[in-house]
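Enquirer: Got chain A; can you put chain B on it based on the hints?
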Amino acid sequence: MKAAVLVFPGINRERDMARTLRLVSGKEPAMVWHAETALPAKTDLVVIPGGFSYGDYLRCGAIAARAPIMDAVQAHAAKGGLVLAVCNGFQIACEAGLLPGVLMRNARLKFICRDLYLRVEHSDSPFTRGYNAGQVVKVPAAHGEGNYTADTDTIVRLEQDGRVLFRYAAPDGTLDPDWNFNGSVNSIAGITNEKGNVLGMMPHPENHVEGAIGATDGRGLFAGLVDTLGKAA
Amino acid sequence: MKTASVRKDDDVLRNKPKITPQLVAEHGLKPEEYQRILDLIGREPTLTELGIFSAMWNEHCSYKSSKVHLRTLPTKGPWVIQGPGENAGVIDIGDGLACIFKMESHNHPSYIEPYQGAATGVGGILRDVFTMGARPIACLNALSFGDVTHAKTRHLVSGVVAGIGGYGNSFGVPTVGGSVRFHTRYDGNCLVNAMAVGLAKKDGIFYAAASGVGMPIVYLGSKTGRDGIHGASMASAEFDDKSEEKRPTVQVGDPFSEKLLLEACLEIMAKDCVIAIQDMGAAGLTCSAVEMGAKGDLGVTLDLDKVPTRETGMSAYEMMLSESQERMLMVLKPEKEKEAEAIFRKWGLDFAVVGETTPSKRFIVRHGGDVMADLPIKELGDQAPEYKRPFVTGAKPKPVEALAVEPPASITEALEELIATPDLCSKRWVWEKYDHIILGNTVQRPGGDAAVVRVEDGPKGLALTTDVTPRYCEADPFEGGKQAVAECWRNLTAVGARPLAITDNLNFGNPERPEIMGQFVGCVRGIAEACKALDFPVVSGNVSLYNETNGRAILPTPSIGGVGVLDDFTKSATLAFKNEGDVILLIGETQGWLGQSLYLRDICGREEGAPPPVDLIEEKENGDFVRGRILDGSANAAHDVSDGGLLIALAEMAMASGIGATLEAAPDDIPAHAFWFGEDQARYIITVPAAQVDTVIARARNAGILAQPLGTTGSEVLAIAGEQPLSVVGLREDFEGWLPAYMAGETPPSN
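Chains as they are written, first to last, in our numbering: chain A, 1 to 233; chain B, 1 to 751.
It should be emphasised that the hints constitute simulated quantities derived from the structure, not laboratory data.
Treat the hints with care, since some could be wrong.
[Unchecked claim] Result set (DSS-like, lysine-lysine): computed pairs, CA atoms no more than 25 Å apart in a straight line:
hint, chain 1, residue 1, chain 2, residue 2
1, B, K152, A, K110
2, A, K138, B, K427
3, A, K79, A, K110
Just so it is clear, the structure is predicted and the values come from calculations on it, not from any experiment.
Chain A with its partners taken away, still in its complex shape:
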């Protein structure tokens, strides 16, 4: 695996992401500054980490989506390269058109940081092959604008094509409005693009990879990526 973590001004979970990639893959990822115009040679995974790019003073992710490096990310995705976009990264990916839909303010209009439960919808994806379909994983979220929505046609297509990989759920895996803490349509926590090579998700699997710091449920996602890319390489 040869990962590249994008760094926009105001991004602040790039160090968390880099440490997790290092822990799980054993390899140091490249940190790529937003003003670059090319990804490091042979990059096979682009990670857009969380934070507050450009302060999120405009619509979240709107400015970063137009940064110089994003053309290279678009080209990488168009060729089928993997892109993992977490939290602000998900917002950036939506703004860049890599993923459909938009992330609005949380249903109760407050920033919330807490552990929550995600139901893995299927494991037939490089991002979820480390999990079993229907498995419930506990990972934290920390955001104020993670309320996913899109027009009805888009939602229908996402559902029909199995592009919803994660949903907010109760600890037993049932869907329950009380556990859909940010109010996302169909409890959607993470989706892929049509080709399935770009994942956007609001929660932070990278913060749950060590038993001594919370839990290890986030590890499966990264282990799946290492597995996929290790085989391809």
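Expert: Coordinates of chain B only, in the frame set by chain A:
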């Protein structure tokens, strides 16, 4: 060009108005202080000079009422690298690493404009820490609000919490702990005390003192605007009914710029470009430039034409007093100037050489070719006025006899009532608004005795907490000061950490009133006594006075922020019961002290009596014993006993785990409500596996420490012999429910 010259002339003219007694008073300077200025410079000051004096000599910046007492605090220890006097305190935590931390108030602005006031409080304290070369790893806070029935309380809680979260979350530092209290004495003055903790290499710490003549002074960060002018002066006066009009003196925070400033500063520090660095906080450019010069025994000349400004037409007076945020002043190594500039440009930040160090020990400010100020720098800085204000010590209140306090209908009903009071209920609603897990090192999250964060990749960990019990300080400032330090030490101990040092944030009313000064002096003496006894030095701090409105002062509130170290963070203890069938041991002596207890206040409606006395020798012995049991693995849960007493502590341990307990009845010689709700100090609860109980009790006996079995863990209820059992789930609903309901406007406020 024409308008520029008009402006310049205008500035010069405006700089030379007649200095009237009214103008002096508007600058918060007393007539005798103005006389001191005249004596010092031998002429009438210009307007800019008057502004500079008012900025440097106000209470907030000069500590003129408090300095003489602060000197009595113990500040040394083999692990102290830097005590008070710099931007923040620095302690050695081993492995070549230093922990840099400080707590600071942003009370006055937060009351006037809660979101921005609290946000810029967080921004300011973060800058204090990274100015010294540290990457911030955690934030904490201590918040005091007015009574829950007061019309402004919800608005202030909501705004302050959003402001702290809005800044810290965006900057990217976990807010891992803190405290929230409500009391009617904060109705007119809320307290927002923010603490930041950073990590640096021991040999990579940066200081404010300039060195070398002719060195370039560089302005970094955001541009200067007209915001926050006179902010420090506002914080040095009491409020009245017109305080709302002071909103324009509150600055606006920009966490995005601060994050860029952090990364840029750490990058140029790593490249060895920096001789001295000072953040622009209270009194902005004035305070930072004067401190750098005064501390380095050098003069400073500033050329304001070079200062990046956000708006046109700013006068020298405005630029010198602006408190625009996210700005830094540095003395750079001349040969590294280009390299440093490139780094700042990369991060999109302003970079301008605005002056130089001189051998003259004068502080000279030029604007448009004219000298707007020319003042002696030492007298401005480290030789500001100092007062020995008169003080009176109030009579010590008498202890409250437990038998004279009405018992509840039932102990469990009283527990249910207390657990859902504003001060004892869960503060989850608050800390879930803060990102407390970013950076991936948060071992113990908010809600326990102390937060624990891993240091880099471990195994070392730091324990962090903020504490004070203002009602104790009000009743007896000396005992209250002792107790604040002791409780902080106890909370660090309860997670298994070795307490190292504190930062103190002393919030009081108007020091010109002898009874308020008496509270201040008493609390400082208590803090000093406890710090000495517990070997727990003060390495940084902040004083906030004049917290009063229309003559009504806050409760004396000396917030104590503590730092402790764990050699192995995986050994830290949490308060949650771990297994069914463990034995619950109470460490320390219980007399049933109800004076100033929450039972007396919130159940009986009486705020009276002497607070529980703190025996510092017992604190040390009991704490060392508990820490020993956590580290040798015999205690699998630990919790300090504080607000609300024993039964509240037990309930918190049960709620944190979902495991209940079966408890013996109170001993015959103490009334049951005094036993369960008394707030005797120096106590902990630990749980021990049954097989190890005898050994632990024997060890305690040998050490002369009281270890009393209270019962065993298990089931899903809290069951006290002779009382109706209480469901832990139900208790948790009450505990978690109060604050969200209150903030949603749903509950009629209690009392």
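Enquirer: Now tell me if each hint is right for this structure.
Expert: Okay, the hints, checked on the actual structure:
no., hint, in the structure
1, B/K152 / A/K110, "20 Å, holds"
2, A/K138 / B/K427, "22 Å, holds"
3, A/K79 / A/K110, "38 Å, violated"
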